[in-house]
Amino acid sequence: MIRVESLVKKFQYRNKNNKIVWRTAVDGLTLDIRQGEVFGLLGPNGAGKTTTIRMLTMLTEPTSGEIFYDNTPIRGHEQEMKQLIGVVPQHINFDQDLTVGENLELHARLHHMGRVERHRRIEELLAYVELADLVNANVRELSGGMKRRLLIARALIHHPRILFLDEPTVALDPQVRRRIWELIRQLAREQVTVLLTTHYIEEAETLCERVAILNKGRLIGLDTPQAFCEQMGRYTVEWDAVDAREYRFFDTRREAADFMAELGGSASIRRSNLEDVFIELTGRREGL
Amino acid sequence: MLYDIWTVFWRDWLVLKRRMPRFILSRMVAPMLYLVAFGWGLGRSIQVIGGSYIDFLVPGILALNSMNISFNSVTPVHAERIYHKSLEEYLVAPICPYSVVIGKVLAAVLRGLISSSIIVVLAWLFGAHFIITPLFLLVLILNCVIFAEIGFFAAMTIASFEEMGQVNTYILLPMSFLCGTFFSTGTLPDAVRWFIELLPLTHTSYLLRGISSGADIALSSVLVLVFYSLLCFFFSSRVFLRLSK
Chain A
36 MIRVESLVKK FQYRNKNNKI VWRTAVDGLT LDIRQGEVFG LLGPNGAGKT TTIRMLTMLT
96 EPTSGEIFYD NTPIRGHEQE MKQLIGVVPQ HINFDQDLTV GENLELHARL HHMGRVERHR
156 RIEELLAYVE LADLVNANVR ELSGGMKRRL LIARALIHHP RILFLDEPTV ALDPQVRRRI
216 WELIRQLARE QVTVLLTTHY IEEAETLCER VAILNKGRLI GLDTPQAFCE QMGRYTVEWD
276 AVDAREYRFF DTRREAADFM AELGGSASIR RSNLEDVFIE LTGRREGL
Chain B
224 MLYDIWTVFW RDWLVLKRRM PRFILSRMVA PMLYLVAFGW GLGRSIQVIG GSYIDFLVPG
284 ILALNSMNIS FNSVTPVHAE RIYHKSLEEY LVAPICPYSV VIGKVLAAVL RGLISSSIIV
344 VLAWLFGAHF IITPLFLLVL ILNCVIFAEI GFFAAMTIAS FEEMGQVNTY ILLPMSFLCG
404 TFFSTGTLPD AVRWFIELLP LTHTSYLLRG ISSGADIALS SVLVLVFYSL LCFFFSSRVF
464 LRLSK
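Going down the list, the protein sequences come from chains A and B. Counted from 1, the first sequence has number 155 at position 120 by the numbering used here; the numbering is strictly sequential. Counted from 1, the second sequence has number 426 at position 203 by the numbering used here; the numbering is strictly sequential.
With the rest of the complex left out, here is chain B:
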């Protein structure tokens, strides 16, 4: 099974390697805009407890960016399934179906981490202060895993390319802004806050912010992320197993 996972990962790595300069450049645009607009521009007039707004902002940008990149890294599987039908190549091969899910998710995690590294470098250049620890990396990886799995599930179940875009519009975009990325969820009305705090990105934002500033963090949030990653793996595997039958 490990060899099969490696094969699936190898294919995505081959494609990424070929497009690496383009990938890096394109991944710099959105974080740069966030840092300029919200960090330098709007951020100068915002006061947050325990540091500057840019220090507050960077963990949020890391959370939302790793979410977007890992989700969108898996969505081409939709085209492989519906348009090119190249996914059939995996379905007729003597491999364990789980290895396809794991291989694709790992490749998306790699893209998410590369993109996060770019943000870390840019944030330092912009003068942000934050600490990166092994737990910080673990949280980032878990966030990538969760959204890569959601992306895989969407790619397996959604019928058209247009509907794939709607997932971005109706799910990822609101989460990008509301899940503690740009401001604390404490300012939201209770009912909204309660709902927002159920979402994995909120836990990622709080954990990354807490760890990077050296503050105490709720370990229950790590458990929530682990729970989400297992739950999403269950659903994405189930949908792929159903397809392979």
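Chain A with its partners taken away, still in its complex shape:
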């Protein structure tokens, strides 16, 4: 469904000596995402997740590399490809002068939907995200959670086959986050391909069939969350060392228990999770 080949994005900036230098935000990224898959892009701040999403959604032009949707390169077919995608940006980017319903209507018109269909779809989606009563409210009056749900509704109006979600649950409370997760699962059941970036490891572990871990613009791992954990060791022993929390990974619980017995003191044993994988691969404990 989505194929990314050797994608590179470089930006210019001025360094401390006021000289223009290049910074590589995405460095040779290659991915293949299947139809109906929920795929996660994980990485610390500045890893290149948002830049990747912006290139995939045609908001930023790659320096080099190719992106294909359904084996068609997006370069030279932008208008056709834009019809296939829905975008939920990281920032709330509603038109502040329009109401909830008008924001959705603007999006539907921009996607060339006929009058009857767009009104039916707006009604349907507002009910889907439980905002039907607020159709005439100004978007400024909505809470953070409502705005996030409305962003998803807006991105879905034109029946996209691919949905990009950039940090969809950032700064939301756990209840709202879980409601959005349920919406995403429902979309995957409807064969919508979902690509999401997230800081929340739990979110990636819960939602994504596969995750790609980026660091400093490079892909450093791609697998299912379970496979990642198994490769690293299913069990983790963690303990307080002199200056930091230490971790060690084991394939079996027995090996982990033996090691813990050797350590004594305040060590504990638990199942490994994606967060352990993330920390091991990115090597940035402070990044979390």
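Worth flagging that the hints you see were computed from the coordinates, not collected in a lab. Where a beta carbon is used, it is the ideal one built from N, C-alpha and C, also for glycine. Errors might be hidden in some of the hints.
Simulated restraints on C-beta separations [said to hold, decoys possible]:
1. 321(B) to 151(A): 24 to 34 Å
2. 38(A) to 454(B): 35 to 45 Å
3. 80(A) to 388(B): 29 to 39 Å
4. 81(A) to 344(B): 50 to 60 Å
Over the 12 Å line for every Cβ pair with chain A, so calculated as not near, a few chain B residues [unchecked claim]:
5. 237
6. 244
7. 314
8. 447
Some but not every residue of chain A turned toward chain B, in silico, with C-beta under 10 Å [to be verified]:
9. 93
10. 124
11. 141
12. 142
13. 147
14. 187
15. 208
16. 210
17. 287
With chain A's structure known, arrange chain B on it following the hints.
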């Protein structure tokens, strides 16, 4: 593409419709002050060839007002681009980028024309005499188009809200006073006059004044306005196309 232009225009029309009473009232203030101060007040002691000063003044006010309104109608695009980021909604949509430029400019032209209509009504109430012909309307529309396009270009290129204000201070405000709006450019020193006569607002002022008084006009001035509108469209489209990539 026409449907896309209509969609972009529709959004601005929706906002304008909701604010129409406020828009009309606020647009009456500046022309009223000009008419009172320069028409009734200062104007009584000024003699101009071929009529009263208020007759001379009204086309100038129309030119500067349509310039200001159409420019400032597009500048909120700056906030849509930088602060609200709602412009991205157009960038991810399967529409022709030119339709965004044209739709926004047309909406600004509409605002400029509504504002001009208010001035025409006020000027009549103040006792001014002038003729409105189709060519007069065309000149007014071209003036709105040029400054809406300049506004769009500024909104696309300027980094901060403060700098947007500086465009008003350093470009629009001097043009408002110097481009044949309140007095003839013939009284200016040659070097200044030569520069002022290159600017589109000067041509708009002269054309509107000539047409409204039934005098002969230079058709080359119409061509200058057409040239400026095409040039500004080229630059505003180019900057938007660059953003959409």
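These are the hints, each one checked on the structure:
1. The hinted range of 24 to 34 Å is satisfied by residue 321(B) and residue 151(A), whose Cβ atoms lie roughly 28 Å apart.
2. A hinted range of 35 to 45 Å holds for the C-beta pair residue 38(A) and residue 454(B), which are about 42 Å apart.
3. For the pair residue 80(A) and residue 388(B), the beta carbons lie near 34 Å from each other, so the given range of 29 to 39 Å is met.
4. The hinted range of 50 to 60 Å is satisfied by residue 81(A) and residue 344(B), whose Cβ atoms lie roughly 58 Å apart.
5. Chain A draws residue 237(B) into its interface by the beta-carbon criterion, the shortest separation being 6 Å against a cut-off of 12 Å.
6. The Cβ of residue 244(B) lies farther than 12 Å from every Cβ of chain A, with a closest approach of about 16 Å, so its non-interface assignment holds.
7. The non-interface label for residue 314(B) is inconsistent with chain A: the shortest C-beta to C-beta separation is roughly 6 Å, within 12 Å.
8. No beta-carbon of chain A is positioned within 12 Å of the beta-carbon of residue 447(B); the least distance is around 35 Å.
9. A hinted interface residue such as residue 93(A) counts as satisfied when its beta carbon comes closer than 10 Å to some beta carbon of chain B; here the least separation is about 7 Å, so the hint holds.
10. For the restraint placing residue 124(A) at the interface with chain B, the shortest Cβ-Cβ distance is roughly 7 Å, inside the 10 Å limit, so the hint holds.
11. Taken as an interface hint, residue 141(A) checks out: its beta carbon lies about 5 Å from the nearest beta carbon of chain B, inside 10 Å.
12. With a least beta-carbon distance of about 6 Å to chain B, the hint placing residue 142(A) at the interface is held under the 10 Å criterion.
13. The restraint placing residue 147(A) at the interface with chain B holds, with a minimum CB-CB distance near 7 Å, inside the 10 Å limit.
14. Proximity of residue 187(A) to chain B is violated relative to the hint, the smallest CB-CB distance being about 14 Å (cut-off 10 Å).
15. Taken as an interface hint, residue 208(A) does not check out: its beta carbon lies about 24 Å from the nearest beta carbon of chain B, beyond 10 Å.
16. Hint status for residue 210(A) relative to chain B: violated, with the closest Cβ pair at about 27 Å, above 10 Å.
17. Interface restraint check for residue 287(A): the shortest CB-CB distance to chain B comes to about 49 Å, outside 10 Å, so the restraint is violated.
The structure fails to meet hints 5, 7, 14, 15, 16, 17 from the earlier list, while all remaining hints are met.
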